[in-house]
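**Q** Letter by letter, the chains look like this.
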Amino acid sequence: MILDSVKEILSARFGDGVIIGEETSGLQPALLINPEQIADVCLELRDNPATYFDFLSCLSGIDYGVTSNRFGVVYHLASIPYQTQLTLKVNKEHTRDINDLPSFPTLSNVYRTADWHEREAYDLVGIYFEGHPDLRRILLPDDWEGYPLRKDYKAAEYYKGIKVD
Amino acid sequence: MTPLERYHRKIAEAATQDMILNMGPQHPSTHGVLRLELITDGEIVKEVIPHAGYLHRCFDKHAENLTYQQTIPFTDRLDYLSSMNNSHIWVMGVERMLGIDKDIPKRVEYIRVLVCELNRIASHLISIGTYGIDIGAFTPFLWCFRDREHIMGMLEWASGSRMLYNYIWIGGLFFDLPVGFEERCREFVEYFKPKMTELNELLTNNQIFISRTANVGVLPLDVAINYGCSGPMLRGSGLKWDLRRIDNYSVYGELDFEVPIGTGAMGTTGDCWDRNKVRVDEIGESLKIIEQCLDRLQKELKRTPEFDPRAKLPRRLAPKAQDYYMRGECSKGELGFYFITDPTGKSEIPFRVKARGPSFNNLSVISEISKGVMIADLIAIVGSIDFVLGELDR
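Sequences listed follow chains Y and A, in order.
Going by this note's numbering, the letters in the first sequence line up with residues 1 to 165, in that order.
Going by this note's numbering, the letters in the second sequence line up with residues 1001 to 1394, in that order.
A few of these clues could be false.
Stated by the list, open to error - Which stretches of chain Y does chain A cover? Using the computed rule of at least three CB atoms under 8 Å from a CB of chain A, they are:
1) 2-14
2) 31-45
3) 52-66
4) 74-87
5) 90-103
Don't read these hints as lab results, they were simulated from the structure.
If you're wondering where the values come from, they're calculated on a predicted model, not measured in any experiment.
Even glycine gets a Cβ: it sits at the ideal position worked out from N, Cα and C.
Go ahead and model the full structure; you've got the sequences and the hints to work with.
**A** Have a look at this one:
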């Protein structure tokens, strides 16, 4: 099973603190990673000959709802040589303060795919990625206020003086 | 300094010695409303800064407010040139979460693959035709649209709509194929095969076309993988990576087809000509798949009066609490949907959906591969990426 070997590799390399938990109930098991170490973990998984997770399929920023006040990022990795898939998750609690965004390390220096996906997560969910080279909004206009995919987002009544219905 | 200020300063400083040129958002060769900001030194492109988002329609937000079944028409509008493929992947993801993906009747699966491959051909025809027009060949465009019209007509006959079908439903299909569809489809395949030969003579192997595209916009394989390119972009760089073969989803495992890759026949592996050639070859493979589907649909999976494509539609569409990433091979590459279902497991509305469009990642590589090219070559590169803005901006 791919998950066990990944766990072994990671705890041998980074110690036991790196994997905080795992979710095995669903169809795709996932590993919860310590948010501070996610970039190192991905670099290791990408370059280790036993795993070679060289393709970042998807990166999604998630707001886990108003009650839990949790923000997270989900990474879907794929290995082209081994034809395997792996899901990694990071999350942390946050106060939802719009001026102080929840922040995770960037993955864009490991996978360039992450560059635009992180910009999208910043744009729509309001997650800051430390060390990202160019963290501007990508889908919405630069002067947009708020982060629409947050669960507490309220659509603005006016946009540049025009009433929004 | 915020990244936005940094960007403004960069443009302001570049404007004192180089020229800032805006390509798009209304330029026809950007295939939709994409704006490429070029920093140019004479005819040489020093840097490309893409600006996406002009066609953003909040797909993720819509999906969070509608049931799984109601979102299918929205998936059609992601990559509106291959709507069948989009809804097929969405539907398969939901079916797997519900655990009914093994109960789908074989005839339904074969019809799904049949219409998906027809749609893939239509999408590739647009890609090849408009690529020709981008770099100055007008006739192939008309030929491609003439042949695509047959496919549009057939799919309209099956689903009632020309481009945005809402045909593939969770657990089944909207309708069975109309009587006579298989025969008409076979007629089309026979008609279309020689047309592809003609198209190749006119465009693909045309010396002017080769001069414009060979050795232009070379995308090395490691760069392609690192940028998350998929589909003909990745295969053009020489890697056999087709999710229809890797994941063997639906009934692709039972079908016999090859995965064409770029070989650098006219120049370097991974140049614009290779990417276009991969699409041309894929049309041939799709025709092979269509013929095999028709064989099955006309023999062992024949239409019977009592066959109901809606018989397996689930009464309640509420998957238990989980998250699932479904990926599949759209005509542009890997289309993925990441679902997080409702945490109570009772709602028919997903908690969060993220669509991973292939065009989004395929386009992100453009600033890497077009440093130092001529402006005219940039048009060739943009055309060879074959993105659809509906999916890029979602």
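**Q** None of the hints should be skipped; say for each whether it holds.
**A** How the hints compare with the structure:
1. 2-14: Coverage by chain A is violated for the segment 2-14 of chain Y (0 residues, Cβ < 8 Å).
2. 31-45: n = 0 at 8 Å, threshold three: violated.
3. 52-66: This one holds; 9 residues, not fewer than the three required, reach chain A with a Cβ under 8 Å.
4. 74-87: holds (count 6)
5. 90-103: violated (count 0)
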